[in-house]
Amino acid sequence: MNLLLRSSYRSCLLIAIAAAVLGFGCAKKVTPPPPPKQEAPPPARPTVTLQANPTSINKGESSTLTWNSTDATQLSIDPGVGTVTAQGSTKVTPSDSTTYTITATGPGGSASATTAVSVNAPPPPPPPKEPSLRELWDRDVRDAYFDYDKADIREDARPALSSTADFLKAHPSVKATIEGHCDERGSTEYNLGLGDRRAAAVKQYLVSLGVSADRMNTVSFGKEKPFCVDHNESCWQQNRRGHFVMAN
Amino acid sequence: MLKPVRCLELLFFLAVLLSSCGSASAQDRIRMGTGLGQTKIRVALADFGPRYDSAKTHASLFTQVVRDDLQFSGILELASPSFYPTQVPTVPGELKAPAWIAAPTNATYVGFGNLTESTSEVTIQAWLFDVRNPSSPPVVGKVYRGGPTDLQVRKFAHEFADEIISKLTGGLPSVASTQIAFVRSTSPGVKEIWGMDYDGANQHQLTNLRSIAITPRWSPDASRIAFTCYEPYKGLVSAQICMYSLDTSKLIAFPRFPGTNITPAWSPDGTQIIFSSSMQGNPELYVCDVNCNRPKRLTQSSGANMSPSWNPKTGQTIAFVSDRGGTPQLYLVNVDGTGVTKIDMPDKGYVIDPAWSPNGQMLAFSWRRPNDNYDLYIMDPASQQLLELTRDQGRNERPSWAPDGRHLVFESTRSGERQIWTMLADGSQAHQLTTGGHNESPNWSTH
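These protein sequence lines are chains A and B, in that order.
In the working numbering, each number is its position in the first sequence, counted from 1, plus 472.
In the working numbering, each number is its position in the second sequence, counted from 1, plus 53.
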């Protein structure tokens, strides 16, 4: 009995399991109800945004356009950018204030957005500039070169000093220092004396051309501040000179 | 018994003159020996004994510096230390005179002594004995005490050498304690005045103007250095005379003048300055007191006049450079401005950098012969006899006499860059003092 009971219990269990298995199997085979026969929804209308950063630039600078879209298959930015992807950014450098329009087109229609980049007008070009005093000095003030051991104004130094004198006369507020320089061959001390005489000769010549003496001071550097340090005649010639420096 | 050699200096100059009395045609290059060989006194200087190991370094430094000084003097003969007796005295009781008289040392005089050193002091006992008269008292007996530094030990060594040279030569000035001022450039456009011991040790910067400082000249008492400077004033730069005090290590006020003011030199008594100035137009020589109130014009010419050297003996004559004749040449002028005389040379060329010898009889200078380099010469202006000191060794300029009248310091490019050298006044024993940077314009202190 006990056995039987047990056995029947066991059978029941088996049956229950089998039923459960079958039941599941059966459930799978149940055909779902057919979907309701309804119309396909219309495609979504695209959306699109467009921003410029910064919105105001100076001429020649650039601004970054950034856009985002949904449901679009084709996007393009005008003017000047053209077809773009669904999202992105690009730099634009408009020369004038510009309103950019992005047009998004998709199955659901089209949409557009705009943003404006204003370009500040450049300052009016400066009127053709008068050369500065320094530029005129550099153009018109010319040094005098000397022969070896000599402090006499050479023939080729006369036009140079005339140009210098014209500048000084045209600019009465300008003061000049005349530096006397020498090449390396003489002694330090002798060259200081020779340089002094060269500077004095240049000053005297300018005075003779009508430049007031009190606008010019002289200094001899001898061979202490050479323009050129090679040991040949072309270099020595560079160093034998009366050199002008603006003193104010 | 001492053997004073007062006559040595005279002998030397006699030798200079005699050797140049030959046919001094323009092409001649005259050379001479030292002229002192036979009369040199032979001195040995034993290694100074360190009392403790702590004094070892300074004992050998002291010994070396004294030996160098004696050797340099050119007037004594230093017996070679490798021949000395093995037993070295450190106090008089240890002196074995016969061993030093004997060959190969053959010494007439022997110097020796000892050093004791603590962390705060070095004590040096130093003697010089006449070994041929060993019973007589020491010729020199000195005790030196001071800080245990190399600088101090060097100073004592120079003082001991000075004593030896002074005693053995009957009072000829020694140079061992003298200083040399010079110009060093370590960057372009900057030259400063430096000082150093006569042997090149202890090189130290004096000025710090960061501009151009050149042509230093010691005052006769060695308390000041006059030089050419480029101190800006009210925005303008010009060459001016500057004065540096060794006592305060600072510049002393000196008046500024218009124009270019260069190449100061001292009167022998140190009360006056002579310099070149273009304050009235042309670069001429001016004389004033050390405060330079009311400078007085000395020369009058159409050329540039500079580089004065005041005769240190007579105080009456000034040698200087002038290009009034076209190229720079040597001239003499009396202190009152009279008697301007050109010194004639046997050939053309540049003649610059005159420097009177301490006895006021000779001029050292630099002469660039046509198609040649600058070389140093000595001339007796009275006889116009000429002695060539350098030849084919680069550019040699700006001689300055040592107070012993037997040495010159000068600048030379013989080793490449311009450097400071010393030599005997006959051109021998050239010795380079500076190496770093670009060094020029040496001037030897008068004591």
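If you're looking for bench data, these hints aren't it; they were derived computationally from the structure.
Fair warning: there could be bad hints in the mix.
List time: in silico BS3-like cross-link candidates among lysine-lysine, alpha-carbon distance up to 27 Å [as the list claims (entries may be wrong)]:
no.: 1; chain 1: A; residue 1: Lys697; chain 2: B; residue 2: Lys109
no.: 2; chain 1: B; residue 1: Lys208; chain 2: B; residue 2: Lys93
no.: 3; chain 1: A; residue 1: Lys622; chain 2: B; residue 2: Lys401
no.: 4; chain 1: A; residue 1: Lys563; chain 2: A; residue 2: Lys531
no.: 5; chain 1: B; residue 1: Lys149; chain 2: B; residue 2: Lys303
no.: 6; chain 1: B; residue 1: Lys195; chain 2: A; residue 2: Lys641
no.: 7; chain 1: B; residue 1: Lys109; chain 2: B; residue 2: Lys93
no.: 8; chain 1: B; residue 1: Lys366; chain 2: A; residue 2: Lys675
no.: 9; chain 1: A; residue 1: Lys647; chain 2: B; residue 2: Lys287
no.: 10; chain 1: B; residue 1: Lys287; chain 2: A; residue 2: Lys675
no.: 11; chain 1: A; residue 1: Lys601; chain 2: A; residue 2: Lys531
no.: 12; chain 1: B; residue 1: Lys395; chain 2: B; residue 2: Lys366
no.: 13; chain 1: A; residue 1: Lys601; chain 2: A; residue 2: Lys563
no.: 14; chain 1: B; residue 1: Lys195; chain 2: B; residue 2: Lys109
no.: 15; chain 1: B; residue 1: Lys395; chain 2: A; residue 2: Lys622
no.: 16; chain 1: B; residue 1: Lys220; chain 2: B; residue 2: Lys287
no.: 17; chain 1: A; residue 1: Lys622; chain 2: A; residue 2: Lys601
no.: 18; chain 1: A; residue 1: Lys622; chain 2: A; residue 2: Lys675
no.: 19; chain 1: B; residue 1: Lys303; chain 2: A; residue 2: Lys697
no.: 20; chain 1: B; residue 1: Lys220; chain 2: B; residue 2: Lys208
no.: 21; chain 1: B; residue 1: Lys349; chain 2: B; residue 2: Lys366
Self-check item: 27 Å limit on alpha-carbon distance, applied to hinted pair Lys697(A) and Lys109(B)
Solution: Measuring from Cα to Cα gives roughly 49 Å; hence the hint is violated.
Practice problem: Compare the distance between the alpha carbons of Lys349(B) and Lys366(B) with 27 Å, and conclude whether the hinted pair is satisfied. | Solution: holds, 22 Å
Self-check item: Pairwise hint evaluation, Lys675(A) against Lys287(B), where the allowed Cα distance is 27 Å at most
Solution: holds, 21 Å
Quiz item: Is the straight-line distance between the alpha-carbon of Lys622(A) and that of Lys601(A) 27 Å or less?
Solution: At roughly 42 Å apart (the allowed maximum being 27 Å), Lys601(A) and Lys622(A) break the hint.
Quiz prompt | Proposed proximity, Lys93(B) with Lys208(B) (alpha carbon, max 27 Å) | solution = OK: Lys208(B) and Lys93(B) at ~25 Å, within 27 Å.
Quiz item: Does Lys401(B) lie within 27 Å of Lys622(A) when you go C-alpha to C-alpha?
Solution: Holds - the C-alpha atoms of Lys401(B) and Lys622(A) are around 17 Å apart, at most 27 Å.
Quiz item: Does the alpha-carbon distance linking Lys647(A) and Lys287(B) stay inside the 27 Å limit?
Solution: holds, 14 Å
Quiz item: Between Lys109(B) and Lys93(B), is the straight-line Cα distance small enough, at 27 Å or below?
Solution: This hinted pair is violated, its Cα atoms lying about 31 Å apart.
Quiz item: For the pair supplied as a hint, Lys149(B) and Lys303(B), is the alpha-carbon distance within the 27 Å limit?
Solution: Status violated; Cα separation ~52 Å.
Quiz item: Straight-line Cα separation of Lys195(B) and Lys109(B) no greater than 27 Å?
Solution: holds, 20 Å
Quiz item: Between Lys195(B) and Lys641(A), does the CA-CA distance stay at or below 27 Å?
Solution: At roughly 75 Å apart (the allowed maximum being 27 Å), Lys641(A) and Lys195(B) break the hint.
Practice problem: Verify the proposed pairing of Lys395(B) with Lys622(A), using a straight-line Cα cut of 27 Å. | Solution: holds, 20 Å
Of the numbered hints given earlier, the model fails hints 1, 5, 6, 7, 8, 13, 16, 17; all others are met.
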